[in-house]
Amino acid sequence: MALPLASRKLASSLPLRYGGRFLSDLFGAFGRVSLLLRQAASTPAALPAFGLHAIFGTPLAVIPSKALLLSEMKAIVHLTDFSAAAQNAYAYALAVSRHLGAELHIVHIYDRPYASIAYQGGLSAVIDAAMDQRIRDELRKHLEQYAASHPAEGVKVHLHLWGDLPVWRPDQYIDKIAGAGLIVMGTQGATSLWHGGLFGTNTARLIRHSPLPVLAIHPGNAYRPYQKVLLPVDIFDEQTPHGVRQALDFLRPWNPPQVTLLVVNTPYVFYDTPSIEKFLQELKSQVPLEGVLLRVYNDISVEEGLRQAMESEKADLLVMGTHARKGLSQFLFGSITENVAQYLAYPLLAFPLQSK
-16 MALPLASRKL ASSLPLRYGG RFLSDLFGAF GRVSLLLRQA ASTPAALPAF
34 GLHAIFGTPL AVIPSKALLL SEMKAIVHLT DFSAAAQNAY AYALAVSRHL
84 GAELHIVHIY DRPYASIAYQ GGLSAVIDAA MDQRIRDELR KHLEQYAASH
134 PAEGVKVHLH LWGDLPVWRP DQYIDKIAGA GLIVMGTQGA TSLWHGGLFG
184 TNTARLIRHS PLPVLAIHPG NAYRPYQKVL LPVDIFDEQT PHGVRQALDF
234 LRPWNPPQVT LLVVNTPYVF YDTPSIEKFL QELKSQVPLE GVLLRVYNDI
284 SVEEGLRQAM ESEKADLLVM GTHARKGLSQ FLFGSITENV AQYLAYPLLA
334 FPLQSK
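For what it's worth, this note's numbering labels the leading residue of the sequence shown as -16, then goes sequentially.
No wet-lab data here; the hints were simulated from the structure.
Predicted, not measured: the structure shown is a model, and the values here were computed from it.
Glycine included, each C-beta is placed from N, C-alpha and C at the ideal position.
Check the hints yourself; a few may be wrong.
Unchecked claim - Listed next, the in silico SDA-like pairs over lysine to any residue satisfying Cα-Cα at most 25 Å (straight line): (1) K139 / M114; (2) K139 / V109; (3) K57 / V150; (4) K211 / N71; (5) K57 / R81; (6) K267 / I283; (7) K211 / V270; (8) K211 / V275; (9) K211 / A74; (10) K267 / E221; (11) K297 / Q269; (12) K139 / Y206; (13) K211 / L142; (14) K297 / I218; (15) K139 / L83; (16) K159 / P202.
Said to hold, decoys possible - DEER-style ranges, computed between Cβ atoms: (17) R95 / P236: 36 to 42 Å; (18) K297 / A74: 18 to 24 Å; (19) Q264 / G203: 35 to 41 Å; (20) P236 / E136: 24 to 30 Å.
Please take these sequences and the hints and turn them into a complete structure.
Now the structure itself:
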């Protein structure tokens, strides 16, 4: 019998991130208790005075999605910090923009310089306008050189310099670009405990907060037209049919590619054959699946199962949905999609799941 959703996701993500069966069993049990609390929080009458609903959110809490139909998407946003990983992602973003006929907006976000001004009541921080202008002039040169580093034939490229915005909160600035439907960002993944291992990388945090699909590109990920795509599914997640529909809609311009639904069994989360067959029949009743395949992989963790599948299937792209959990909910249940962005070096398209 399969574990509840929250327990399954928590337990299956632990072996790669922390290691040790004891921890997996311990947190798996804790996840079952947390799930009961979340279910209670979803019923207003069951809320205690301190408000579990505010702590855990509703089951499958999601952020407002601004995902556009491809026919409505006029622009792709590429976030850059001028690193080698960003350079590679820029080349990838150009290729995707060219394929979709979309304009490409290159965005660099920087911290504006502040000066402390003494006055009778104390100190006040104000923007150093002269220094800010010098920084902007220098960054503009870098941005223009960056844009010219790859041939952009057939793609209209726009450059943007924005100050004092958290790069991982695109919900605070994405409306500045009309018709934006996709964010492309380079990532080196979690390279150490202090670089991404403890608090997550900027890319993982951006995936959590983005109202748009995010394409996370690692160094060495060269674009090639999508012919084989893997789409992992959670057979007990009520958002799965909608996520599959979103992914298939996005992939349609690639003729479409061969899409394979992927179920990963782990020692802690095992889907039996009748459950998988029932899921597939129910999914077919909600989403057209002509030509879509189904594969089942077994591994020590979901992440390692995805690694095995990407290598075995020789897939060009991994597509996953995310519930965008935050706060204590994020700490308790984690995000397999964010783990994949940090620990697996494959092109990843992360969709914010939303209601129908």
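Do the hints match the structure? See the list:
{"no.": "1", "hint": "K139 / M114", "verdict": "violated (31 Å)"}
{"no.": "2", "hint": "K139 / V109", "verdict": "violated (36 Å)"}
{"no.": "3", "hint": "K57 / V150", "verdict": "holds (21 Å)"}
{"no.": "4", "hint": "K211 / N71", "verdict": "holds (21 Å)"}
{"no.": "5", "hint": "K57 / R81", "verdict": "holds (12 Å)"}
{"no.": "6", "hint": "K267 / I283", "verdict": "violated (29 Å)"}
{"no.": "7", "hint": "K211 / V270", "verdict": "holds (19 Å)"}
{"no.": "8", "hint": "K211 / V275", "verdict": "holds (11 Å)"}
{"no.": "9", "hint": "K211 / A74", "verdict": "holds (20 Å)"}
{"no.": "10", "hint": "K267 / E221", "verdict": "holds (14 Å)"}
{"no.": "11", "hint": "K297 / Q269", "verdict": "violated (28 Å)"}
{"no.": "12", "hint": "K139 / Y206", "verdict": "holds (19 Å)"}
{"no.": "13", "hint": "K211 / L142", "verdict": "violated (32 Å)"}
{"no.": "14", "hint": "K297 / I218", "verdict": "holds (24 Å)"}
{"no.": "15", "hint": "K139 / L83", "verdict": "holds (12 Å)"}
{"no.": "16", "hint": "K159 / P202", "verdict": "violated (28 Å)"}
{"no.": "17", "hint": "R95 / P236: 36 to 42 Å", "verdict": "holds (39 Å)"}
{"no.": "18", "hint": "K297 / A74: 18 to 24 Å", "verdict": "holds (21 Å)"}
{"no.": "19", "hint": "Q264 / G203: 35 to 41 Å", "verdict": "holds (39 Å)"}
{"no.": "20", "hint": "P236 / E136: 24 to 30 Å", "verdict": "violated (19 Å)"}
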